[in-house]
Amino acid sequence: MGAQLDELLKRGMTQLAAFIPWQAAESDIAHTLTRFLQAAAERKLNVYLILSPEVGIHYPLSGLPKDVMRKKENSAQHGHQGPVNMMLPPQHFQLPSLFSPDVTKRYYSYLSKMDGYFHDLSQSQPQLMAHVSIVLSGSLWKYYRSPLGSSPHTFGDRAGDYSNHASVAFRQRLEQYFAQKEFQEPTAASANRWKSRSLEDLNRKWFYQHSEDVFKTRSYQTLRRKSSKLKLLEVELFTPEADPGLTYASFLQLMSGHQHLLPQYSSLLDEYSKRISMGALPTLPWVHWSGLKDFRNLPEAEKQFLFMKSILLMGGQTGAVLLDATEWLSFSSSFRSKAEALARSISEKNLKLKTQAFYLAPHLWSNYGPVWMELTRKLGSGVKLTHSMDLIHRAPSARLIIVDPSLMIQRETILKLMAWVRGGRVVVLPRSQFYTEQAKKELDHHLQGTQKMEMNLQFSYHLHRVGEGKLITYELPDSWSLKPESISSWQSFLESIISLAELEKFCQFTSPQLEAIPLEIEPDRVALFVLNSHPQPVSGDLVFSRQVKVSDLAGALLNQRPRKVESSPVDPAEVFTLDVPPHGIVPLMVEELEVKIAEARLAAHSSSLREGDQVQGTV
Amino acid sequence: MELNYDWKCFQFFFISKRKPQNTDLALGSRADGEGSPIYVLMQGNQIIVALSHGESLVSWSGATFDELEARFPNREMILFDREKVDQWLSQSSEGEHYYDQILYLCTEARPQFTARSKTKSFGLAFQKNFLLKLLKSRWSVFFPVSYGILVCLDGDYSRSIFLRIHRSRIQSFVKPDFSTMIPERRKVFTDLVRHLAESELIPVQGVFVSSENWNEWSAIENPWEKISLALRRDRTQLSPFRWGVVFLIFIRAKFKLFNRPS
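Protein chains in written order, with my numbering: chain Z, 15 to 633; chain E, 485 to 746.
The following block holds chain Z by itself, in its conformation from the complex (with noise of 0.2 Å):
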């Protein structure tokens, strides 16, 4: 073991993240675990155990318990009444359900176990946890879709776990929540509305959400009971290799033996860096190149291009990227070189993924159609799907917050959204069927005295002055789901938002083939990253919507004279020509930008948001 740590320090690799396998840690693996942990202390490496049961582990079962997962009873179904099927080696396997009494009980004996494991290892060799983080995932379940629904899209499918162990988990919860006396309103048989059977996909949405909310706190304060001072990470860990979303493609390729999933790869750490959760704690996004599937098999610049834009969209949200210490040394040394400065430079210049607008929704995982497909479309990297409206407090550069039709308001929910608005954001509300009645009375409370405007648009919406802030409220039609048909109507409702909360894409591309990860370093500097995913060189142009002035990143981030990029690309200018070379990534500082005196505003309202009033809870 210590040799193994000896060459991976002596090519440079400081930082280790190992799963635990919970299957061999019940087993007791606690000698083993303290002569890793030794060796490495005795280096000085920063390690990362992660605990929780992920899939892409390198151990039978991807390390769950084989007497849980050969019980049928156990496993979990997706939408489509089918088992999970997790087609990763070591071995294809179905995934068990999080709701199943005996997965969960012994989980958490598990993790009791490690809290208890750790607690005596600080008391007795404290020297060793010195460097050691434990980690604790979201865990199994974004893996709970059918790879039907998810093929064309990632998220495209009603997510959550079917199996009967959820179905009555679900059937119990429901009584448990509409027996709230905000739901008795204005009599008690007013709860049954909510329990009906049509309203079972909207109730399950945040059924499921709650649940994995649940599985997160308890692990969270399971390994909190006698090791109160281990530092303990969020995070929610992304193993693109093992999404429901490839299963079929992967099939595929094995049956062909043809190797093309780079689309896919890319378009999944689009949409895993669009949907950011709250545990305990803000989780943190990682992701994790397993190595173990077709990963491995890519060619060298595509895998090098998935890196580098998992480094771009997981760092810039304060992340990490997981990769395989024998990939990564496989990557020539100029690449790692690369791709260590470029991780070094947004940790240390702290550059990040700016958020303009949220889409609150009741659950992360499931389909929310053509309002925030068209929403991601228009403002890109810059719009963020969540469940929390803790974590939109936490975001103060956010102007937008779009609240799905499905999402059941409260009366909570509005005393949150009006705190938030009043900053002079803008929030988007549908009159829904889904308001309680205290919901219902505290939104007209607001609304009382406030100026408001009726716009048509191909479609009706009231605008209505809240403080500093506008509130938009529109009526559904009869049916609340969005049907496609009608996209034409939400594009045009959605432009007009935008513009009223004065959003826009960062920059726009005249070649559909490229496409931005903007990185703010201040609010005038950005660090533009242009990427081409295709196997062909792409030329463009890269289109602002005011004057900016563009260098060479490289360059301006080591406070080097900017190298030249156009013919004169230090006059300032709107539109610029750029040859990006196949699976390329262009690197560019853009400054001189705009500031907007109202993002200083927001920012200051956001603080004092979080000082003084908040209001603390998940929506």
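No wet-lab data here; the hints were simulated from the structure. Any given hint could be a false lead.
Dumping the calculated DSS-like pairs for lysine-lysine here, alpha-carbon to alpha-carbon at most 30 Å [what the hints assert, rightly or not]:
1. Z:Lys-24 with E:Lys-659
2. Z:Lys-368 with Z:Lys-519
3. E:Lys-492 with Z:Lys-80
4. Z:Lys-85 with Z:Lys-119
5. Z:Lys-363 with Z:Lys-24
6. E:Lys-492 with Z:Lys-58
7. Z:Lys-352 with E:Lys-492
8. Z:Lys-80 with E:Lys-568
9. Z:Lys-366 with Z:Lys-58
10. Z:Lys-80 with E:Lys-659
11. Z:Lys-86 with E:Lys-568
Some residues of chain E that are not near chain Z, with every Cβ distance over 10 Å (derived) [said to hold, decoys possible]:
12. Asp-550
13. Asn-558
14. Ser-630
15. Ser-695
16. Glu-705
17. Ala-737
Stretch-level coverage of chain E by chain Z, calculated; a stretch enters the list once three of its residues show a Cβ under 8 Å from a Cβ in chain Z [unchecked claim]:
18. 526 to 533
19. 542 to 548
20. 561 to 570
21. 582 to 595
Glycine included, C-beta positions come from ideal geometry on N, C-alpha and C.
Got chain Z; can you put chain E on it based on the hints?
Coordinates of chain E only, in the frame set by chain Z:
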């Protein structure tokens, strides 16, 4: 923590990385005449996923098969029905390990062909290696019911894999554990093989080869002549040296016998 199925080690020895061509056949592009087969997974007439060698067919998801066929009238189409694929995938999880499971898929998957069929076998990437093909070939009648194969590269015991085979099926694949051996003995091929035979209680055939030769043989369809030559020139060693094995390799190299799978 012992891994009975060390997939990373297995990949390293048996699955070579491929270099695909890159062309783009996006929706709306011009139809071509000849080309590699297009693999399509469908539900009814609707395409769920389509794939072809080095081509991006992502934009065809959601389109109908009729549209695809109209666009590429001369291409061989290999179609899989979604429900059947789900069934095969679920059944494959009964297998013990990934290699077993993909062999099951490659055997069971029965596609439809729309144009004159040329493609006959599937999952070739995993069956390309000469040693894996050998285990499934008619040669297996000459082998014991249970045995082990140790492949060691460049005389370095840390770069080796041990396959345990039972009735022509790979039962496990691991990086062998020689930690209980005296360090000096780990350099002696016969001792490595003896150690495994004693600990596993099965006959073990050791193959000691340079990584250069191994990679070269793994990349070609029929390397037996090269293997035979390497044995004669002592560039590759068998331990223990069995005349029967050498004879079979020689026969296979010279007469190309038993090449078909059993």
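Right, here's what the structure says about each hint:
1. Z:Lys-24 with E:Lys-659: holds (23 Å)
2. Z:Lys-368 with Z:Lys-519: Holds: Lys-368 (chain Z) and Lys-519 (chain Z) sit about 11 Å apart, inside 30 Å.
3. E:Lys-492 with Z:Lys-80: Distance of about 21 Å is within 30 Å: holds.
4. Z:Lys-85 with Z:Lys-119: Holds, at about 15 Å.
5. Z:Lys-363 with Z:Lys-24: Cα-Cα ~26 Å, so holds.
6. E:Lys-492 with Z:Lys-58: Status holds; Cα separation ~27 Å.
7. Z:Lys-352 with E:Lys-492: Distance ~26 Å between Lys-352 (chain Z) and Lys-492 (chain E) Cα, so the pair holds.
8. Z:Lys-80 with E:Lys-568: Given pair Lys-80 (chain Z), Lys-568 (chain E) holds - Cα atoms ~27 Å apart, limit 30 Å.
9. Z:Lys-366 with Z:Lys-58: holds (29 Å)
10. Z:Lys-80 with E:Lys-659: holds (22 Å)
11. Z:Lys-86 with E:Lys-568: Judged against 30 Å, a Cα distance of about 20 Å means the pair holds.
12. Asp-550: The assertion about Asp-550 (chain E) holds, with a minimum of 18 Å to chain Z.
13. Asn-558: Non-interface label stands for Asn-558 (chain E): nearest chain Z Cβ at 18 Å, farther than 10 Å.
14. Ser-630: holds (21 Å)
15. Ser-695: holds (15 Å)
16. Glu-705: holds (14 Å)
17. Ala-737: Non-interface label stands for Ala-737 (chain E): nearest chain Z Cβ at 26 Å, farther than 10 Å.
18. 526 to 533: The restraint on the stretch 526 to 533 of chain E holds, since 3 of its residues have a Cβ under 8 Å from chain Z and three suffice.
19. 542 to 548: Held - the stretch 542 to 548 of chain E has 3 residues with a Cβ nearer than 8 Å to chain Z, which meets the minimum of three.
20. 561 to 570: holds (count 5)
21. 582 to 595: holds (count 7)
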